[in-house]
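Here is what each chain is made of, one letter per residue.
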Amino acid sequence: DAGVIQSPRHEVTEMGQEVTLRCKPISGHDYLFWYRQTMMRGLELLIYFNNNVPIDDSGMPEDRFSAKMPNASFSTLKIQPSEPRDSAVYFCASSADRGNEKLFFGSGTQLSVL
Amino acid sequence: AQTVTQSQPEMSVQEAETVTLSCTYDTSESNYYLFWYKQPPSRQMILVIRQEAYKQQNATENRFSVNFQKAAKSFSLKISDSQLGDTAMYFCAFYNYGQNFVFGPGTRLSVLP
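Protein chains in written order, with this note's numbering: chain A, 2 to 115; chain B, 909 to 1021.
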């Protein structure tokens, strides 16, 4: 198994631009999570999906952030428009089920908004 | 709400020595899971070890072991025979079924040659 795959690994953009981060979960995993990691706030859960349906998006900072999961093997996190304070590492993680309680993380996307 | 505290922002250890990272948590739940994740410079978050709260026996994975003190709500990680590849950020995490993971702020461990 290739694990959770995220792209791009690094993204540098200018303020105001749209940014799209991508994630492919482990095949067969029903849950997908998007996390943001910063020095100040540590690891924060942004949103999670169960069977492609968003369950809890209370961690999404504001309307500029949106996430979709059109099918079981693909999810996107979009920021539009981006701002410098969005600079962080964004992780995608998946798990087999809520009771499995093992999170498998991707390698993250380092986002820099100039 | 559950909280996870790691009181040691940074630690260092000599290669081949043993080091213990501390973690405390706060919860009113009786059944839950605790984890240690490792984040090396490559940025990948890697599961190191997992403990189920209803099990009294401390989990062990090769050179990694935990000291789980449920009454004290303490969950420390012991790394024996430290290796240079153990240099990383270590995150303690709490999980209760049906809720979200709660991560601690992390401890940066440096293994010195």
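Incorrect hints may appear among the rest.
In the DMTMM-like style, the derived pairs of lysine to aspartate or glutamate whose C-alpha atoms are separated by at most 25 Å in a straight line are [stated by the list, open to error]:
#, chain 1, residue 1, chain 2, residue 2
1, B, 981, B, 923
2, A, 79, B, 994
3, A, 103, B, 934
4, B, 978, B, 923
5, A, 103, B, 925
6, A, 103, B, 923
7, B, 963, A, 45
8, A, 103, A, 64
Just a few of them, taken from the derived set where beta-carbon distance is under 7 Å, the chain A residues facing chain B [to be verified]:
#, residue
9, 40
10, 62
11, 73
12, 75
13, 108
The following residues of chain B were derived to be distant from chain A, with all beta-carbon distances above 12 Å [unchecked claim]:
#, residue
14, 921
15, 923
16, 945
17, 947
18, 950
19, 952
20, 953
21, 954
22, 975
23, 1007
No lab work stands behind these hints: they were computed from the structure.
Built from N, CA and C at the ideal position, the CB exists for glycine as well.
Against the structure, the hints:
1. A distance of roughly 30 Å separates the Cα atoms of residue 981 of chain B and residue 923 of chain B; the hinted pair therefore is violated under the 25 Å criterion.
2. For a cut-off of 25 Å, the pair hint linking residue 79 of chain A to residue 994 of chain B is broken: about 34 Å separates their Cα positions.
3. For the suggested pair residue 103 of chain A and residue 934 of chain B, the alpha carbons sit about 20 Å apart, so the restraint of at most 25 Å is met.
4. Under the criterion of a C-alpha separation no larger than 25 Å, the hint pairing residue 978 of chain B with residue 923 of chain B is inconsistent with the structure, at around 31 Å.
5. Distance check on the hinted pair: residue 103 of chain A and residue 925 of chain B sit about 29 Å apart at the alpha-carbon level, beyond 25 Å; violated.
6. Taking the CA atoms of residue 103 of chain A and residue 923 of chain B, the gap is about 30 Å. The hint is violated against a cut of 25 Å.
7. For the hint pairing residue 963 of chain B with residue 45 of chain A, the CA-to-CA distance comes to about 28 Å; that exceeds 25 Å, so the pair is violated.
8. With a C-alpha separation of about 30 Å, the suggested pair residue 103 of chain A and residue 64 of chain A falls outside the 25 Å cut-off, and the hint is violated.
9. The beta carbon of residue 40 of chain A comes no nearer than 10 Å to any beta carbon in chain B, farther than 7 Å, and the hint placing it at the interface is violated.
10. Given the 7 Å rule on beta carbons, the hint for residue 62 of chain A is violated: about 16 Å separates it from the nearest Cβ of chain B.
11. For residue 73 of chain A, the shortest C-beta to C-beta distance to chain B is roughly 21 Å, which exceeds 7 Å, and the interface hint is violated.
12. Hint on residue 75 of chain A is violated. Least Cβ distance to chain B is approximately 20 Å, over the 7 Å limit.
13. With its C-beta approaching chain B no nearer than about 5 Å, residue 108 of chain A sits inside the 7 Å limit, and its interface hint holds.
14. Distance check on residue 921 of chain B: its Cβ is at least 23 Å (rounded) from any Cβ of chain A, clearing the 12 Å threshold; non-interface status holds.
15. With 12 Å as the threshold on Cβ separation, the claim that residue 923 of chain B sits away from chain A holds: the shortest Cβ distance comes to roughly 26 Å.
16. Look at residue 945 of chain B: its CB is around 8 Å from the nearest CB on chain A, not clear of 12 Å, so calling it non-interface is violated.
17. Separation of residue 947 of chain B from chain A is inadequate, the least Cβ-Cβ distance of about 9 Å not exceeding the 12 Å criterion.
18. The Cβ of residue 950 of chain B sits about 7 Å from the closest Cβ of chain A, inside the 12 Å cut-off, so the non-interface label is violated.
19. Some Cβ of chain A comes within 12 Å of the Cβ of residue 952 of chain B; the nearest lies about 5 Å off, and the non-interface call is violated.
20. With 12 Å as the threshold on Cβ separation, the claim that residue 953 of chain B sits away from chain A is violated: the shortest Cβ distance comes to roughly 4 Å.
21. A beta-carbon of chain A comes within 12 Å of the beta-carbon of residue 954 of chain B; the shortest separation is about 8 Å.
22. Non-interface call for residue 975 of chain B relative to chain A: holds, since the shortest CB-CB distance, roughly 21 Å, exceeds 12 Å.
23. Look at residue 1007 of chain B: its CB is around 9 Å from the nearest CB on chain A, not clear of 12 Å, so calling it non-interface is violated.
The structure shown violates the earlier hints numbered 1, 2, 4, 5, 6, 7, 8, 9, 10, 11, 12, 16, 17, 18, 19, 20, 21 and 23.
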